[in-house]
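A.B. asks: All chains should be built: construct the whole structure from the sequences, respecting the hints.
Chains as they are written, first to last, in the UniProt record's numbering: chain A, 1 to 333; chain E, 1 to 325.
Simulated from the structure, these hints should not be mistaken for laboratory data.
Any given hint might turn out to be false.
For lysine-lysine, the following BS3-like pairs were computed, each having C-alpha atoms within a straight-line distance of at most 30 Å [what the hints assert, rightly or not]:
#, chain 1, residue 1, chain 2, residue 2
1, A, Lys10, A, Lys247
2, E, Lys240, A, Lys92
3, E, Lys240, A, Lys132
4, E, Lys221, A, Lys74
5, E, Lys186, A, Lys132
The following residues of chain A were derived to be distant from chain E, with all beta-carbon distances above 12 Å [what the hints assert, rightly or not]:
#, residue
6, Ile4
7, Glu44
8, Arg87
9, Ile283
10, Glu324
Just the calculated beta-carbon pair ranges, DEER-fashion [unchecked claim]:
#, chain 1, residue 1, chain 2, residue 2, range
11, A, Glu129, E, Ser256, 36 to 44 Å
12, E, Arg123, A, Pro124, 34 to 42 Å
13, A, Asp281, E, Ile263, 37 to 45 Å
14, E, Thr266, A, Gln156, 47 to 55 Å
15, E, Leu212, A, Gly258, 41 to 49 Å
16, E, Leu212, A, Gln156, 27 to 35 Å
17, E, Ile263, A, Ser82, 46 to 54 Å
18, E, Ile306, A, Gln156, 24 to 32 Å
For every residue, glycine included, the Cβ atom is placed at its ideal position computed from N, Cα and C.
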Amino acid sequence: MTQIPLLSVKNLRVEFPTRHGVLTAIDGISFSLREGEVLGVVGESGAGKSLTGAAVIGLLEPPGRIAGGEIRLKGERIDTLSPAALRRVRGKRIGMVFQDPLTSLNPLFTIGDQIIETIMTHLPVSEVEARKRAIALLEEVGIPAAAQRLSAYPHQFSGGMRQRVVIALALCAEPELVIADEPTTALDVSVQAQIIHLLQRICRDHRTAVMLITHDMGVIAETADRVAVMYSGRIAEIGPVRHVIAKPRHPYTVGLMGAIPTLSGDQQRLTQIPGAMPRLDAIPDGCAFNPRCARAFDRCRQERPNLMPAGEGEAACWLVDPAEGTTGEGETA
Amino acid sequence: MLAFTIRRLLQAIGVMLVVALISFTLFRYVGDPVNQMVGLDTSLEQREALREQLGLNDPVLVQFARFVTRAAQLDFGTSYQFRQPVVDLIGRRLPATLELSLVSALLALLCGIPMGVYTGLNRDSLLSKLFLSISLLGISLPTFFIGILLIFLFSVTLQWLPSFGRGEVVDFGWWSTGLLTVSGLKALILPSITLGLFQMTLIMRLVRSEMLEVIRTDYIKFARARGLSQRSIHFRHALKNTLVPVITITGLQLGSIIAFAIITETVFQWPGMGLLFLQSVQNVDIPVMAAYLMLIAFLFVVINLIVDLLYFVVDPRLRVERASH
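C.D. replies: The following block contains the structure:
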């Protein structure tokens, strides 16, 4: 595959300068997305999932800043663009869906206003065409009586309907990539599946790649092509979703999989990972996961592992290092 | 919305009745009106006749009803001090005060809102810090002091602007305006700055803090993520969301600007209602005080009503849909 990936992130570092020194929230992560691919990003709260998304779309909240590495969209660097040029990438080439549809829409403007403004910002169309497009989009995301609903305000929609509007807004300029940051976390369980399927269907129809940030492994299993497991600002394991679920290599991933309840499961208790993720100012030497890892050995406490090939994917764990002589495959859940 | 307006109007009438009661008790308990009107040598019979003629021997409720009925017809009696109908006195002074107040309020809004937006968006810029320092002065210095300071600087030292009065005025029926003559406009500058400075700083700080709050909301983040222009994000999406509290405060402040123009009017010898009110207090001119009280209450009630209706214009969440029922 010599094709240029749609999105390629290399050695991305995100730092927060504070009074007590610089905190590294994302520590050299690399991954890429092909066109139309769905990449799931999972991890605990604070693992850096959302920050990665924010860094890609150029919306890090100050004082957070990209301190190293590069982000390329179809080969073109976007992390060094001027604010004005970056603004043309946002919305037009990379769309974003936020967690809470109740607060993502401006309460004082009709959804028609918000969609039409976004379309006209990015596409050279007249207001009449933009309106037509807005109606078509709303229909596509499954909003009944779309033409009338254009003049409705966000508070007149339910949470699920608002998230549909948010998806329409994220997609209204036909971006090549959508970053969905926990798009279903704030929704009712009954609505979550609908929204995930909608996102999946629309992105497939439009050949839009998706970076799906969530801590719901079930959602990932159902939707994603590949999955990246993040821990403490680094990628612990990345690979095809079926592979990672069936044969997790990194002990952290193994723990995550063990914590998923299954209906048919013969497990009596869900396994639990002891301890909590380290704070950013107290990341241990070596592998950040070593204090919680049952299989840690001396090298884990001294040397930090980088991603290395493991089966069909990659894992950042000394257990998969051929030099250690272990297979790392003994933990199949 | 109609039901709301009607309900609010009824409440407004209630408020006005309470204020009328207070005004009315002024007459009954602050001195004896007959004593104020007649000389020392008036006989008891004459006093009694006057008392009867004024209706002061009627039951209290009847007197109150009469007071309210007359007030509703803008009849507040005759000023003790000037021997003229109170309505004429106030009517003559009203344009001066209203012009001064409205110009001050406009000044406060037109400067305060952009300064608030600017300082909210550019928190660390030098200009923001300058604005904030000035606003600290505006909030902490007393009005009369600012007035005297301005007079000293622009009237005494530089001799650019007049230090007192309204300048030449042009009459339109009962309304006299100073807005159409050069000397009238020049005379307006210092008093309106003096009166508006506090409001301006208040509005600026309010807009600033609201802006800081709104900028952090998800819908602003989402607007950024959609690549909308900075101008649209700041002045369309963010500013409109700061407006509800700004409207509230501005409305209330407009009321107090009118009511408390007294100090500024005194400093600049501005021939408005505030000056009239001060004179009436010094001379225990109760009809004028009562009418002034009623007028200010009326203005507050009207402004509050307008503010309530403006909420509906700004915030669609308050508009309850009844069409479908």
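A.B. asks: Does each hint fit the structure? Answer for all of them.
C.D. replies: Structure-based check of each hint:
The hinted pair formed by A/Lys10 and A/Lys247 meets the criterion: a straight-line CA distance of about 26 Å does not exceed 30 Å. Of the pairs offered as hints, the one joining E/Lys240 and A/Lys92 holds, with about 25 Å between alpha carbons and a cut-off of 30 Å not exceeded. Annotation: proposed proximity of E/Lys240 to A/Lys132 holds, straight-line Cα distance about 27 Å (limit 30 Å). Proposed proximity of E/Lys221 and A/Lys74 is supported: the alpha carbons are some 25 Å apart, at most 30 Å.
At most 30 Å may separate the alpha-carbon atoms for a hinted pair to count; E/Lys186 and A/Lys132 exceed this at roughly 55 Å. Consistency note on A/Ile4: stated as away from chain E, and its beta-carbon is indeed over 12 Å from all of that chain's, at 23 Å minimum. No Cβ of chain E approaches the Cβ of A/Glu44 within 12 Å, the least distance being about 22 Å, so the stated non-interface status holds. With a minimum CB-CB distance of about 5 Å to chain E, A/Arg87 fails to clear the 12 Å threshold, and the non-interface call is violated.
The Cβ of A/Ile283 sits about 28 Å from the closest Cβ of chain E, beyond the 12 Å cut-off, so the non-interface label holds. Separation of A/Glu324 from chain E is adequate, the least Cβ-Cβ distance of about 43 Å exceeding the 12 Å criterion. Between A/Glu129 and E/Ser256 the beta carbons are some 50 Å apart, a value that contradicts the proposed interval 36 to 44 Å. Distance hint check: the CB atoms of E/Arg123 and A/Pro124 are about 36 Å apart, consistent with the given range 34 to 42 Å.
In this structure the hint that A/Asp281 and E/Ile263 lie 37 to 45 Å apart at CB is violated, the actual value being about 55 Å. About 53 Å separates the C-beta atoms of E/Thr266 and A/Gln156, a value consistent with the hinted range of 47 to 55 Å. Here the CB-CB span from E/Leu212 to A/Gly258 is close to 44 Å, well matched to the stated 41 to 49 Å. For the pair E/Leu212 and A/Gln156, the beta carbons lie near 29 Å from each other, so the given range of 27 to 35 Å is met.
Between E/Ile263 and A/Ser82 the C-beta distance comes to about 52 Å, which sits within the given range of 46 to 54 Å. Checked against the given bound of 24 to 32 Å, the beta carbons of E/Ile306 and A/Gln156, roughly 26 Å apart, stay inside it.
In terms of the numbered hints stated before, the structure departs from hints 5, 8, 11, 13, listed from lowest to highest.
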